[in-house]
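Take the two lone chains and join them into the complex the hints point to.
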Amino acid sequence: MNDKLTLLRRFFSNKYSRNDYFELKKLILSKDLEFEQLMQSHWNEFKSEEYCTEKDFSELLTEINSKIDDKSEVRLLRRILIAYSRVAAILIIPMLLAFGILYPKFFRYQNQKEVFVEVTSPAGSRTSLNLPDGSTVWLNGESHIRYPVVFNQNRVVEIGGEAFFKVKSDKENPFLVEAKGIQIKATGTEFNVSAYKDDDEISVILKEGKVAVMDANHSILKVMESGNRLSYFEKSSSVQYSAINAEDYTLWINGKLIFNHSPMKEVVSRLERWYGVNIEIMDQELLQLHFKATFIDESIDEALKLLQSTSTFKYRFAKRKIQEKGSFENTKIYFTKK
Amino acid sequence: MEINKLDIDKAYVHRLKRGDKQAFNYLFHYYNKKLYFFAKGYLKTEKEAEEIVQETFLKIWERKEFLDPELSFHAYLFKIAFNFIQKGLIKNVKNDELKHDLADELINFDNHTSNMVNYHFLLQHINQIIDKLPPRQKEIFILRKLDGYSAQEISEKLSLATKTVEAHLTAALKFLKIRLKSEKNSDLLMFALILRK
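Which chain is which? The protein sequence lines are A and B, in order.
If you read the first sequence in our numbering, its first letter stands for residue 1, the second for the next number, and so on.
If you read the second sequence in our numbering, its first letter stands for residue 1, the second for the next number, and so on.
Hints listed in this document are in silico derivations from the structure and should not be mistaken for laboratory results.
For each residue, glycine too, the CB sits at the ideal point set by N, CA and C.
It is possible that part of the hints are untrue.
The list that follows gives simulated cross-link-like pairs (lysine to aspartate or glutamate, EDC-like), each with its CA atoms no further than 20 Å apart [unchecked claim]:
hint : chain 1 : residue 1 : chain 2 : residue 2
1    : A       : K25       : B       : D96
2    : A       : K180      : A       : E234
3    : B       : K44       : A       : E49
4    : B       : K99       : B       : D110
5    : B       : K47       : A       : E54
6    : B       : K91       : A       : E54
7    : B       : K91       : A       : E172
8    : A       : K25       : B       : E48
9    : B       : K87       : A       : E49
10   : B       : K59       : A       : E59
11   : B       : K59       : A       : E234
12   : A       : K15       : B       : D20
Between beta-carbon pairs, the in silico distance windows are [stated by the list, open to error]:
hint : chain 1 : residue 1 : chain 2 : residue 2 : range
13   : B       : T162      : A       : E54       : 24 to 32 Å
14   : A       : G124      : B       : E65       : 17 to 25 Å
15   : B       : K10       : A       : N130      : 20 to 28 Å
16   : B       : N95       : A       : S128      : 42 to 50 Å
17   : A       : S169      : B       : T164      : 36 to 44 Å
18   : B       : N95       : A       : D133      : 26 to 34 Å
Which residues of chain B face chain A? A partial, calculated answer using Cβ under 10 Å [said to hold, decoys possible]:
hint : residue
19   : K17
20   : F82
21   : Y119
22   : T170
Isolated chain B, as found in the complex (with noise of 0.2 Å):
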């Protein structure tokens, strides 16, 4: 089977080599899907997911010229979205340093909380929290805490006292920290968070 596959390959790569469209939207259909899911797994949304999977086909008729159909396209296409999606990881992962910061300031990161605690389901709660604020509060502390602006321009923003920003602030932080402590003592919900190594 896999044999007979790296042939049907071989074909169209060859016709797409010399610009045959038809051939490109097979090998768009036969290889978008499973693009577009690994990419989603490590860049997490559906729109950066259909971002690379744009950006590497494209890409692969641009050089088409240059294609090798004995070379396997399975692999060349893997190269060609690597560099995609490692600028992606790479843009994301700068812009959630923040996210990562209050994570620490709300959670005190023990050996075991580091290690076993599913990261991914506990930055969902604290979202989930964070939306439970009320309304005021949650604005302004999303654009302190998870945007980065500093209570001075976030006074200037929404045209208010800077101590008012600080009271608000003050009292959203004591709220989560107050609701993640009383959830971590129930039972049930360390057992969801777990991992299973």
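Bound-form chain A, shown alone (with noise of 0.2 Å):
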């Protein structure tokens, strides 16, 4: 990566080779989310101070405030002729209607509020929806997405929980997905990101392809390649990259839920997301334990069963208790010593 931005600079300064430049355009004709990174980094270090001029830089900013002006007036122009057209609606309706077919853009502009979907998976389900530009998202327990209903411009989700995405590939317009903290954009891509409220870190897992990861800042963390997981953790504003086996972190989509050395206190947040309970730890000491499972159609007796059997943990249900409407709570479970 320091190769790549010593290059930059060798660029920058015109002390560059004819390998240097041609090394130069793959990057940037590939349009590499690394680019950016590499530019960022010049950017953050670059000091403008040894360079003069006696270029005047008010004009600059003359015509860019004469160009401001300019665009409110053209504003102002349209919002009125909008209002005659509503006006005069019964009349040309059809007129507008044909307008509408043979020059979208026009229609576009009217439109300045966007309309939102959102879409929640409760604890203990798991949902698969499709996005507006053809990709597709499957939402873990307690995750939700919320996107517009048109893409306009740009392909922008926000998520809570955790969410798989299979990017439909689109070089001219990168997909971005906000969760607490950070920014994710691919371009066409399978990765998984779980972003919980309760949770201290955030993890991105890529199965395949390339994304960008930033953080509340929209700097970038990392630009990660497939086969890794990145974990950041936004108190201490500290990341971790290393290779992982993808399919261990995203077979939940297929029903899978995976234990993989997975500590006490994990296990039992994804059990209480996977299956809809609430378990509670009676023994501190219990949270030193680690787990190691896969289920697949289990039931949260069946997991509990098998889970116990190598451990030493017990459970028990509690009684269901009738709330006042009628209603039962979730379930809730103990866990205590052996």
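Put into structure tokens, the structure is as follows:
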């Protein structure tokens, strides 16, 4: 990575070789996400104080300001036109329809408000859905996604919880996922995001393709390669990046619950989200335990039986209490030392 | 010092978000020089650098309602500018293809020349020698080798016989190759061209 950064610096200072040029050309034309990250590093270190010029920058500002004024005039004109067209709507609806078919852009400007869809997958269930651009997303338990009905200029969605994306390829229009504290940019890939409000850690698992992960400031944290996992701890702003078997983390979309040397805390929150139950750990020692298991179609009871059989904890179901309105509260389970 | 700057920025971004023109002007004055020289380094011309500054700040103004004062304006500025700079780079790279083909035709690039010689300097040098061509040859040479016109199109454009055009081209190429070869042997020139990596 550092090599490529010095390549940029050499090009910048006009001290580059022919090989340098063609390497840079490849980087530029491939629209590689890495290129943005490199240039961003350069931007952060670049000091313009050493440069002098007789240039009058205030002229530039004047031009910008006059352009701004021009645009607001046009907007006013457009508003007048729209108001006028509404009044005469009954008479010219057929004409407007034809206009809308021939010049769809005209009508897009009228729709300043975007309509959003919000889909929630409650604890104990998994949902999959198609997005307006043909991409698919799977939501795990206790997760949600929010997206506009129509992707206008860019594809931006917002999620909470855990989601697996199969993004339809479109290099001109990157796909952006916003989750608490981070933003993920992808062009055509398969990746998993886990960003639960209650978790300290946000993780991104890249199954295929390439994605760029950015923090809340939109500074690039990492451009990921497939087969890797990125863990981001928002509180300490620390990042961990390691190679993994992507399948272990993404088979949940096929109904497989996989624990791979997972600590008790993780097992509990995942079981809660997967089955829609409430688990309380009665002995703090139990938090030291780790588990390895794969569950396919097991009920909560079967799963717990299997987990405790090779471990030093036991569980019991609490009596289901009927709440005021006649409904039952979530199944509650207690974990205790054996 | 750094922390202070971020707080100052935050205050101005707050105001800018509400449409305060003065805050916009302040942020422009503080950041435009860095953006200008940064863009110029990549796009190489004053005109393109100016365009980047204009397009970037214009877009920032247009999207001011979406500003988040908690986030770094410096980083946001880059994010907006990057898209424009990237477009400019792609355009330049595509437009310059003939220039590099010509360099390849005039100079035998071996491992050494491809790696160690200052290519930017070399291209400038080629331009200087082209400048020394007799006017007719120069005109025809540039139309053919840098603008990409065919010999046929040039003959039509300048009302000359195709044979004449071709003769001029051959003469020009010969002139350039000889010039470059003789200079290549000059140690002084080579020294100037060597990159210190």
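Hints versus structure:
For the suggested pair K25(A) and D96(B), the alpha carbons sit about 11 Å apart, so the restraint of at most 20 Å is met. Straight-line distance between C-alpha atoms of K180(A) and E234(A) comes to about 9 Å, which keeps the hinted pair within the 20 Å bound. Among the hinted pairs, K44(B) with E49(A) is consistent with the structure: their alpha-carbon atoms are about 18 Å apart, no more than 20 Å. Under the criterion of a C-alpha separation no larger than 20 Å, the hint pairing K99(B) with D110(B) is consistent with the structure, at around 18 Å.
A distance of roughly 15 Å separates the Cα atoms of K47(B) and E54(A); the hinted pair therefore holds under the 20 Å criterion. Restraint check for K91(B) and E54(A): not satisfied, since their Cα atoms lie roughly 28 Å apart, outside the 20 Å limit. With a C-alpha separation of about 15 Å, the suggested pairing of K91(B) with E172(A) holds against the 20 Å cut-off. With a C-alpha separation of about 18 Å, the suggested pair K25(A) and E48(B) falls inside the 20 Å cut-off, and the hint holds.
With a CA separation close to 26 Å, the supplied pair K87(B) and E49(A) exceeds the 20 Å bound. Under the criterion of a C-alpha separation no larger than 20 Å, the hint pairing K59(B) with E59(A) is consistent with the structure, at around 18 Å. About 30 Å separates the Cα atoms of K59(B) and E234(A), which puts this hinted pair outside 20 Å; it is violated. The straight-line distance between the Cα atoms of K15(A) and D20(B) is roughly 42 Å, outside the 20 Å bound, and the hint therefore fails.
Evaluation of the 24 to 32 Å hint for T162(B) and E54(A) yields a failure: the beta carbon distance comes to about 48 Å. One distance hint, 17 to 25 Å for the beta-carbon pair G124(A) and E65(B), is violated here, with the actual separation near 39 Å. Between K10(B) and N130(A) the beta carbons are some 40 Å apart, a value that contradicts the proposed interval 20 to 28 Å. Separation of N95(B) from S128(A) is about 46 Å and conforms to the stated range, judged on CB atoms against 42 to 50 Å.
For the pair S169(A) and T164(B), the supplied restraint of 36 to 44 Å is violated, since their beta-carbon distance comes to about 52 Å. Taking the beta carbon of each, N95(B) and D133(A) are about 32 Å apart, inside 26 to 34 Å as hinted. Evaluation of the K17(B) hint against chain A yields a violated restraint, the C-beta minimum of about 15 Å exceeding 10 Å. A distance limit of 10 Å between C-beta atoms decides the matter here; for F82(B) the minimum to chain A is near 6 Å, and the interface restraint holds.
About 4 Å separates the beta-carbon of Y119(B) from the nearest beta-carbon of chain A, less than 10 Å, and the hint is met. For T170(B), the shortest C-beta to C-beta distance to chain A is roughly 26 Å, which exceeds 10 Å, and the interface hint is violated.
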